[in-house]
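Student: Spelled out, the chains give:
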Amino acid sequence: KQEVTQIPAALSVPEGENLVLNCSFTDSAIYNLQWFRQDPGKGLTSLLLIQSSQREQTSGRLNASLDKSSGRSTLYIAASQPGDSATYLCAPRSGTSYGKLTFGQGTILTVHP
Amino acid sequence: EAGVAQSPRYKIIEKRQSVAFWCNPISGHATLYWYQQILGQGPKLLIQFQNNGVVDDSQLPKDRFSAERLKGVDSTLKIQPAKLEDSAVYLCASSPMSQETQYFGPGTRLLVL
Numbered sequence: 001k002q003e004v005t006q007i008p009a010a011l012s013v014p015e016g017e018n019l020v021l022n023c024s025f026t027d028s029a030i031y032n033l034q035w036f037r038q039d040p041g042k043g044l045t046s047l048l049l050i051q052s053s054q055r056e057q058t059s060g061r062l063n064a065s066l067d068k069s070s071g072r073s074t075l076y077i078a079a080s081q082p083g084d085s086a087t088y089l090c091a092p093r094s095g096t097s098y099g100k101l102t103f104g105q106g107t108i109l110t111v112h113p
Numbered sequence: 001e002a003g004v005a006q007s008p009r010y011k012i013i014e015k016r017q018s019v020a021f022w023c024n025p026i027s028g029h030a031t032l033y034w035y036q037q038i039l040g041q042g043p044k045l046l047i048q049f050q051n052n053g054v055v056d057d058s059q060l061p062k063d064r065f066s067a068e069r070l071k072g073v074d075s076t077l078k079i080q081p082a083k084l085e086d087s088a089v090y091l092c093a094s095s096p097m098s099q100e101t102q103y104f105g106p107g108t109r110l111l112v113l
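Just so you know, the sequences run in chain order A and B.
Once you know that position 85 of the first sequence is 85 in the numbering used here, the rest is easy, because the numbers rise by one and skip nothing.
Once you know that position 3 of the second sequence is 3 in the numbering used here, the rest is easy, because the numbers rise by one and skip nothing.
So that you can see chain B by itself, here it is in the shape it has in the complex (with noise of 0.2 Å):
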């Protein structure tokens, strides 16, 4: 069974411009995720999709952050303009159902200058 893919890998940006990043959950798993990791700290959850809606966003900096998931499927994040504090690693993960053990796809690690 293939994981959950996510791409670029790595980037790096000047402040203010803009990023996007894309994942791809596991075939078949209605709930996806998007954490922010800053170094040293654990996950944090920005938002949550069940299929194509959103459950939660709560920790989402809506100002600058936004997210899709379209059909139900893959989704990408976007930050526009981009922050110096906004240097994290994104991680999407995906899980069967909400309540049940998520998969996490390799992150992809933004460094804003």
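Next up, chain A with everything else stripped away, as it sits in the complex (with noise of 0.2 Å):
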């Protein structure tokens, strides 16, 4: 059974700091992994999909890095805004054919002016 943590829990930094939020799963046994964003009061928002066969995926100030052997995927976001306030998510899905996504518990992340 797929047990995903992330680290840390909770996390609240200036504006303009770059920041790495952790997550590592059990099973390496992944067809790709998922971030998500998640707004209080509103659904998820897919931010990035990393393939198990890629190292990194980069979507604007995002970039997250996958080592499937290992069981671990990070996320960094560089010079961080307000608006990334936010709760962060991730999600290995499994290798079987119809791919269930197993979520962590989440980053939640504030930043502040």
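For the record, the hints were derived by calculation from the structure and aren't laboratory data.
Honestly, I wouldn't trust all of these hints.
[As the list claims (entries may be wrong)] Listed next, the in silico DSBU-like pairs over lysine-lysine satisfying Cα-Cα at most 35 Å (straight line):
{"no.": "1", "chain 1": "A", "residue 1": "K68", "chain 2": "B", "residue 2": "K11"}
{"no.": "2", "chain 1": "B", "residue 1": "K78", "chain 2": "B", "residue 2": "K44"}
{"no.": "3", "chain 1": "A", "residue 1": "K100", "chain 2": "B", "residue 2": "K44"}
Join these two chains into a complex; the hints should help.
Tutor: What follows is the structure, encoded as structure tokens:
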């Protein structure tokens, strides 16, 4: 059974800092891994999807890395802004044909001006 | 492109009552998911449909929860009878196929008193 842990559980930083959010998972037989953002009272927004064969994926100020063999992924946020404040969730997708996502508990990020 | 639609957005019921949630996925998406998200946790998959067939319902409490996806489009999730521990946000998501990016609706926030 896949288990996903995200560290830290919460993070509060001043605007402009570069951040690293960590995700670890127990079953390395994954197909891909998604990072999501969730704003209070809203659904999830997909940020990045990184395939199991990839090492990195970038979108704007976001960069996700994946080390499948060690069961780790990181989300790097450059030059953080108050608008980045949200909960960030990682979700590895199983390698079975139906691709179940298993979510971590999330990292609550607060960026203050 | 219209996103995933869910209704109602909020629901308050007494324990032992029944409740139903509705989801309209993105047009053309074959795969539909229902998740339960308890406060402070990541979403947990309840059931996954591929077209109108169930491919994973291993975490669905089948004694009280049921779901259907008629004609492979809209879906309903029902709880009968509700318990206090069912208080959560119920998220619907869809994807073109099971291994691809999932798109989430805004969720239905359920409070059972």
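Student: Against each hint, give a clear statement of whether it holds in the structure.
Tutor: To see whether the hints hold, each was checked on the structure:
no.	hint	in the structure
1	K68/A with K11/B	violated (40 Å)
2	K78/B with K44/B	holds (16 Å)
3	K100/A with K44/B	holds (10 Å)
Consistency note: the structure conflicts with earlier hint 1 alone.
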